[in-house]
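Trainee: Below, each chain spelled out in residue letters.
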Amino acid sequence: MVVGNGMGEPDQGERPAMDGRAGPPCPQSERDAGSAHRRRAKPRLVVVGNGMAGMRTVEELLKLDASLYDITVFGAEPQVNYNRILLSPLLAGEKTVEDIILHTREWYAAHGIRLHAGDPVVAIDRHRRRVRSAAGRELGYDRLLLATGSKPFIIPVPGAELPGVIAFRDIQDVETMLAAARSHRKAVVIGGGLLGLEAANGLKRQGMDVTVVHVMDRLMERQLDPPAAALLREALEKRGIRILLEAHTERILGAQRVSSVRLKDGRELAADLVVMAVGIRPNVELARQAGLYCDRAIVVDDTLQTLSDPRIYAVGECVQHRQVTFGLVAPIWEQARVCATHLAGHGHRRYVQAATSTKLKVSGIDLFSAGDFVGGEGTEDLVFRDPRRGSYKRLVLKDRHLVGAVLYGDVGDGSWYFDLIERRTDVSRFRDRLVFGRAFCEALAR
Amino acid sequence: MSKAVETTCPYCGTGCGVAVRVTADGVAVEGDARHPSNGGRLCIKGAALGETLVPEGRLLYPAIRDAAGALRRVRWDAALDHVAGALRRIIDTHGPDAVAWYVSGQLLTEDYYVANKLVKGYVGTANIDTNSRLCMSSAVAGHKRAFGEDIVPVSYEDLEQADLVVLVGSNTAWCHPILYQRIVRAKERRPQMKVVVIDPRRTATTDAADLHLPLRAGTDVWLFNGLLSFLHQHGVVDTAFVDAHTCGFDRALAVADNTAGSVRAAAKACGLDESALAEFYRLFARTEKVITAFSMGVNQSSAGTDKVNSIINCHLLTGRIGKPGTGPFSLTGQPNAMGGREVGGLANMLAAHLDLENAQHRELVQTFWRSPSIAHKPGLKAVDLFDAIDASRVKAVWIMATNPVVSLPDADKVKRALGKCELVIVSDVMENTDTTAYAHVLLPALAWGEKDGTVTNSERRISRQRAFLPAPGEARPDWWALAEIGKRWGYADAFGYAAPHEIFDEHARLTAFGNTEALAPRYLNLAGLIGMSAADYDALAPVRWPVPPDRSRPTAHVFSDGRFYTPDRKARFVPTPPRLPVHARDDDYPLVLNTGRVRDHWHTMTRTGLSPRLASHIAEPYVDLHPQDALSCGVREGGLARVATRWGSLVARVRTSGELPRRSVFVPIHWNAQYASDARVGALVNPVVDPVSGEPEFKHTPVRVEEFPVLWHGFALSRRPLPMTQITWWTRITGRCFLRYEFAGRQRIADWPEAACRVLGVRDTGADWIEYEDRSAGQYRAAWVVDERIEACVFVSPRPDLPSRAWLSGLFAKDRLEELDRIGLLVGEPLDRGADTGPTVCSCFGVGRNTILDAIRTQGCTNTEALGRRLRCGTNCGSCIPELKALIAASALEPA
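Going down the list, the sequences are from chains W and C.
Heads up, the first sequence stops at 446 in the working numbering, and the numbers go up one at a time, no gaps.
Heads up, the second sequence stops at 896 in the working numbering, and the numbers go up one at a time, no gaps.
Please keep in mind that the hints were generated in silico from the structure rather than gathered at the bench.
Yeah, the Cβ is synthetic: ideal placement off N, Cα and C, and Gly gets one too.
Be aware that a few hints might be false.
Facing chain C, a subset of chain W residues (Cβ under 7 Å, in silico) [what the hints assert, rightly or not]:
#	residue
1	Glu380
2	Val383
3	Arg388
4	Phe430
5	Arg433
6	Phe436
7	Arg438
8	Ala439
9	Phe440
10	Glu442
11	Leu444
Could you put the whole structure together from the sequences, leaning on the hints where they help?
Mentor: Take a look at the structure:
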């Protein structure tokens with residue numbers, strides 16, 4: 001599909017080059033500015049990726065200046081922009097597709113944005129400043145925003161390509177899982193991280209027998225310390241989800257369709273459905289083809305501009321900023337805000353990485369982590385345990401500041417802790433009550 | 001509702017009447033409005049008596065220690081046979097002076113009488129002494145020297161009629177709260193009435209004083225010699241009285257003039273401001289109705305008897321004795337110290353105010369008793385008695401209703417002595433005391449509420465203590481146990497008492513026996529109480545002695561006829577050359593240790609320690625000192641300090657209340673091994689005694705205070721007793737539905753969760769256990785919940801700044817923890833601040849410090865009356881009023 005600007009103008013290549021470093025293109029510089037019938041008054045912004053990062057940037061941009069650009073959005077998925085974070089509740093049957101839609105077609109129309117859903121951009125011609133879509137649409141751009149997101153990582157074991165082996169990335173995957181749940185019994189989820197556990201919980205809720213296979217010695221090792229991970233494991237096991245830790249998948253077996261998963265220790269797990277949730281890879285093929293400098297992802301500077309091409313910006317899971325790639329939503333929102341200011345020509349903000357927080361969206365299991373909860377040299381732990389209430393909290397202090405938090409069970413103060421981390425608040429005065437939450441700390445101030 | 005039983009409070013010498021109702025819910029205690037000593041009022045200790053009537057810890061059966069050291073329950077018969085036989089063998093082998101009795105001002109007069117009779121008449125030794133020796137023997141000796149007989153010449157009504165009440169060495173507000181309230185109310189009615197407090201400490205009592213003289217410890221004699229000299233110089237002399245009814249004035253005056261002949265000299269000796277002292281002297285000089293009331297600050301001194309006489313001298317000089325509203329007034333500390341004195345239950349007395357050294361008196365008593373022998377020389381007084389045990393001169397001791405391992409000076413030596421004594425018999429109501437630990441024979445005694453007899457209070461008022469509860473287990477009256485020994489020795493006729501009224505009758509007859517001008521005149525005479533039937537005795541209303549045969553005739557004020565009980569019927573001035581306490585401060589022990597009571601505890605806490613209400617006022621043993629001394633000793637408020645003398649040491653919580661002068665230290669007397677790991681102040685006290693009275697110098701021991709370093713402080717609240725054996729320092733406090741432990745440790749604990757579970761007794765790994773750990777800050781907190789009800793909790797920190805115990809304590813009264821409680825549990829406070837009332841100030845109504853402060857700050861309560869109207873605090877016993885005032889004053893200083 002293509003890009004088209006929807007109006008079918010084939011040629012925008014004649015526009016003069018703009019000053020590349022920053023700011024919006026300058027309409028006055030257009031050669032035929034006076035030509036009323038061609039209505040080329042506005043510079044064109046093409047957004048590659050109709051996902052959360054790209055569309056949030058558009059939204060932020062509209063807030064700053066709603067009429068600056070002529071905007072066209074290409075998306076690989078056939079839907080409008082939806083909240084990917086809520087795929088888990090969708091799978092669990094707690095939400096419907098309508099519930100998770102972020103922008104309806106009406107919204108795009110109302111804002112004069114052309115949307116080409118289900119038509120991914122397949123090529124960028126940076127010299128001519130044009131993109132071409134899978135459907136053959138071609139479109140010129142003055143500014144290009146890459147928000148191609150990431151792809152699930154499929155571990156390269158034999159049988160990974162069998163029908164019934166899927167990832168957990170989009171609505172299509174959810175539909176595949178829901179269909180499998182209707183006709184099959186047994187599911188194996190490979191990956192005990194955030195996504196894997198949400199998938200496992202969803203499938204369990206849909207009535208399947210679910211086994212989680214995880215290579216590490218604890219669940220969600222990137223977000224949880226061992227005690228919280230143990231509580232989580234216990235809670236999931238209570239729901240009937242089987243958890244296998246330190247379990248390495250050797251191969252996936254099956255003829256027409258997946259039938260089982262074999263582990264390196266020889267155990268074989270019957271499986272009608274295998275969900276791989278072992279991580280994501282930034283989706284950078286398009287950028288690479290276009291000759292943009294990529295490392296693990298598209299490398300951007302503090303303004304979210306690509307290093308190679310001043311007309312091209314990138315946000316979201318497809319970018320690499322100061323060696324870091326992104327998978328959680330909060331930093332991406334911030335990227336969107338910063339990028340929008342530069343697209344709008346107010347280019348004064350810099351993207352600064354901040355602590356991140358995570359919540360597990362498994363209803364009935366409240367789990368929150370933020371910042372550097374692992375700690376280490378020079379950090380101090382405050383730990384609260386109330387196993388009967390299924391509550392565990394661990395706060396990590398460094399000097400006089402909170403730098404990390406893991407909350408299990410009672411996560412009500414998660415955002416407050418996150419705020420303390422971000423603001424680098426001096427917490428020494430109420431250290432003894434910090435773990436007991438905001439209300440107790442504020443009571444001290446009264 | 002059942003009929004109230006009228007009885008008498010078992011605590012201090014005020015002797016308040018108590019009305020008790022036994023209901024299905026327990027025992028309801030209130031003041032007996034008909035009792036003249038208190039008119040219905042009770043202090044907090046009295047009001048909380050119901051809480052102390054619990055079965056916990058009672059000694060219920062006789063027991064004998066076997067060869068392996070274990071106590072084995074035996075039948076009474078066997079126990080008594082054993083005691084009678086063992087004592088007899090020792091007496092036969094080593095003579096009567098090889099056995100001794102150490103009894104108590106908490107015995108009833110009847111118990112005391114039988115003990116005294118058995119020992120002095122049937123063993124033939126005067127080795128019977130009592131804890132009253134530690135309390136008021138200096139007053140007795142002073143009375144005897146001045147009046148010829150141990151007579152307290154003042155009543156409580158006199159106190160109210162006086163225009164000047166001088167309180168010397170008495171924290172009356174805390175130790176005799178009802179008397180103090182009577183004084184305060186009298187002063188409110190008659191604002192011209194003045195109160196002067198003479199005490200090194202600023203106490204709750206000084207609150208009501210017009211003048212407080214913080215004299216240097218132990219210098220009272222200089223002060224009163226100075227007064228005597230001043231009065232004489234200013235012509236404030238009742239010459240007619242002195243001439244007609246006294247002798248010895250000149251020598252006493254000469255000594256006074258020589259030692260404190262000017263206000264300046266006296267002020268210098270006492271470390272007082274000269275003008276303040278002069279103000280007191282002038283006040284005393286111009287006030288006709290003056291009472292000098294004194295207590296342990298006077299008595300417990302190596303110059304105690306001289307202190308008493310230096311006071312009496314001033315009253316004799318001015319003739320201010322024997323008239324309403326005048327006189328020297330000894331406030332006794334125990335419920336029946338006076339009764340003990342009346343029956344002669346001390347080593348230097350005989351019986352019924354008859355003298356041991358007087359052959360005629362001895363003959364009189366022996367005749368009356370028809371006893372085989374009669375003690376003919378004074379026995380061993382308390383301190384000497386335990387020295388004699390230590391030296392194996394005394395081989396058997398029978399201790400009744402007292403706890404000498406805690407209360408005697410040099411108490412570690414008492415431990416050693418009992419440890420090697422051949423036979424230690426202990427009669428007590430509690431199974432485990434510091435003293436019962438050394439018993440070879442344990443005999444279960446009746447407690448307050450079970451025993452039946454009489455007591456005499458500070459104003460010579462005899463009141464009935466009546467039983468309203470059945471005897472638990474096999475507990476028996478002490479008189480019965482003693483009489484059974486007498487019977488086993490073959491004196492069934494002399495000890496065949498069937499009931500206490502028979503004993504009282506015998507005692508009353510002895511007071512009248514030979515009580516004639518010609519033979520042995522004594523003021524103590526209970527002739528009017530002779531021949532009472534059991535019913536008469538049971539109905540006996542409180543009565544002051546003497547009780548003449550014709551009870552309808554009003555008794556004149558004692559000494560109003562100017563006749564005393566010396567051979568020439570004249571009072572004696574006693575020359576009192578002042579002397580300093582025996583042991584002076586030095587470089588090694590640069591401070592002076594003073595000891596005393598706190599408001600809500602009594603003696604060694606065997607009773608008050610059981611009451612949650614009483615435990616909450618002052619929870620822990622403490623050492624109070626001047627903030628500057630604290631600084632130079634390197635200790636800080638709230639921390640722990642080791643307090644050491646040449647005789648022993650203890651560890652207590654540091655306070656800098658501001659009540660003490662420089663170089664002075666105060667430690668309460670109550671705590672012991674049952675309630676704390678290391679808090680027996682008796683072990684520290686120098687075993688120095690007054691040469692006349694034998695009363696120890698409890699108020700003056702050179703002492704050193706130093707930091708007691710610990711790695712952690714903590715507290716635990718638990719529904720069940722916790723083992724504290726592994727813990728360096730601890731105190732146990734009785735709470736409502738729980739026990740509280742304050743503790744501190746020196747061991748490094750690597751795994752607090754494990755240690756906490758072990759101490760709290762959590763064995764189930766699936767227990768409902770909530771914990772908080774801040775390992776690098778050394779903070780650990782945990783709570784154990786069973787069936788949604790709190791079972792125990794523990795808080796630990798490297799510093800003593802732990803959360804308030806008040807709110808946590810309240811959680812134990814709940815059958816079910818609310819979710820909000822659970823959240824606040826390990827913070828130690830509720831989310832809603834108002835719910836934490838803070839530490840109890842008013843024990844009567846359970847009003848906490850935070851509640852009071854809130855009323856002062858936000859509800860405009862700027863005086864104690866307003867607080868009382870709003871919160872009721874201070875409106876019952878009133879003993880918290882000084883604290884209320886302090887809170888009001890402190891709030892006024894806060895920035896708005």
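Trainee: Determine for every hint whether it applies to the structure shown.
Mentor: Cross-check of the supplied hints:
no. : hint   : result
1   : Glu380 : holds (4 Å)
2   : Val383 : holds (5 Å)
3   : Arg388 : holds (4 Å)
4   : Phe430 : violated (11 Å)
5   : Arg433 : holds (5 Å)
6   : Phe436 : holds (5 Å)
7   : Arg438 : violated (11 Å)
8   : Ala439 : holds (6 Å)
9   : Phe440 : holds (5 Å)
10  : Glu442 : violated (10 Å)
11  : Leu444 : violated (10 Å)
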